[in-house]
Amino acid sequence: MRTSRPIMLVEDDSIDAMTVKRAMKDLKVSNQLVHLANGEEAINYLHSEDNHKPCVILLDLNMPKMDGFEFLKIAKSDAELRQIPVIVLTTSREERDKVESFQFCVAGYIVKPTDYKKFVDAIRTIDLYWTLSELPCCVA
Amino acid sequence: MRDCKPILLLEDDTVDAMTVKRALKDLKVINPLVRVGNGEEALVYLRDDNNIKPCVILLDLNMPKMNGIEFLRVAKADEKLKRIPAIVLTTSKDDQDRLQTFRLNVSGFIVKPVDYIKFVEAMRIIDLYWTLSELPNSEQESLNANIQTDNACRR
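Residue numbers (our numbering), protein chains in the order written: chain A, 1 to 140; chain B, 1 to 155.
Possibly wrong hints are sitting among the right ones.
[As the list claims (entries may be wrong)] Distance condition first, Cα-Cα at most 20 Å in a straight line; then the derived SDA-like pairs of lysine to any residue: (1) A:Lys65 / A:Ala17; (2) B:Lys82 / A:Glu95; (3) B:Lys93 / A:Lys21; (4) A:Lys21 / A:Glu95; (5) A:Lys117 / B:Ile125; (6) B:Lys76 / B:Lys118; (7) B:Lys28 / A:Thr125; (8) B:Lys118 / A:Arg2.
Read the hints as simulated data drawn from the structure, not as lab findings.
Here the structure is a predicted model, which is why all the values come from computation and not from measurement.
Let the hints inform the model, and build the full structure from the sequences given.
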């Protein structure tokens, strides 16, 4: 990533979270990965002044307590949080989920490849793009 | 890009627009490039139901009549247009521009490399990312527009 700020991963499945962590390690992505298990935990983390704001948020859609859409609804109506790019990382290929996510102006919607090598390729592309792109500078 | 819909480019500078066109050609990106000179023209294009909605919007910031930020304010408040990913492609390194555009939910902010080889590399990464990422299929679009898209894919 362009900055050294953490990458936030909102994912309820611990195996999937470990796969993301492993792929980032294999790709030598040096940003710290902050893993939260659902939208509610993510909002609490983001609202706490003590935490560094992430450079990007990788978001699963189907999660207990607060799912990805509910998270987007809150984050994208918050003047400070709305500027952090959110990339959906899901198994859902449902057209409805895609349209709804893009209505919240997500900065990407990636269907998780089941094959690990392809998964690493996907994370590599995400890293390449968000290294090329500038990131919002003034997030505290 | 993941689908064959056009790429909409908002760029007032003819030479810069030609550079984008040339880079896409060199990268063998098959999506047609629709170029408009400012934000106002872009809104006219996007709101005309006879036109296929683009898969992504690449936009410059400094343009006459309606600049990039003014365009984003309108497009990102429009229920039919807000879902189209908008990527800033600019020479501006201004922090204020970056902050304002990310608040308006852009899906990337890329400072144009002056060197052509580096510019092609930037366009390659944009194409790679938006081929990996799914894109929203507009439900409201007419069947007619879908047929046009299919035909565009076959060309």
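field: Proposed proximity, B:Ile125 with A:Lys117 (alpha carbon, max 20 Å)
entry: holds, 19 Å
query: Taking 20 Å as the top limit, are the C-alpha atoms of A:Lys21 and A:Glu95 close enough?
result: violated, 28 Å
Proposed proximity, A:Thr125 with B:Lys28 (alpha carbon, max 20 Å): Satisfied, since the Cα-Cα distance of roughly 19 Å is no more than 20 Å.
message: Given the hinted pair B:Lys118 and A:Arg2, is their Cα-Cα distance within 20 Å?
response: holds, 17 Å
query: Does the structure keep A:Lys65 and A:Ala17 at a Cα separation of 20 Å or less?
result: Holds. A:Lys65 to A:Ala17 sits at ~18 Å (cutoff 20 Å).
Restraint status (C-alpha distance of B:Lys82 to A:Glu95 at most 20 Å): holds, 16 Å
- prompt: Can the restraint linking B:Lys76 and B:Lys118 be considered satisfied, given a maximum Cα separation of 20 Å?
  reply: violated, 30 Å
task: Could you grab the alpha-carbon distance between B:Lys93 and A:Lys21 and see if it respects the 20 Å cut-off?
output: violated, 32 Å
Of the numbered hints listed earlier, those contradicted by the structure are 3, 4, 6.
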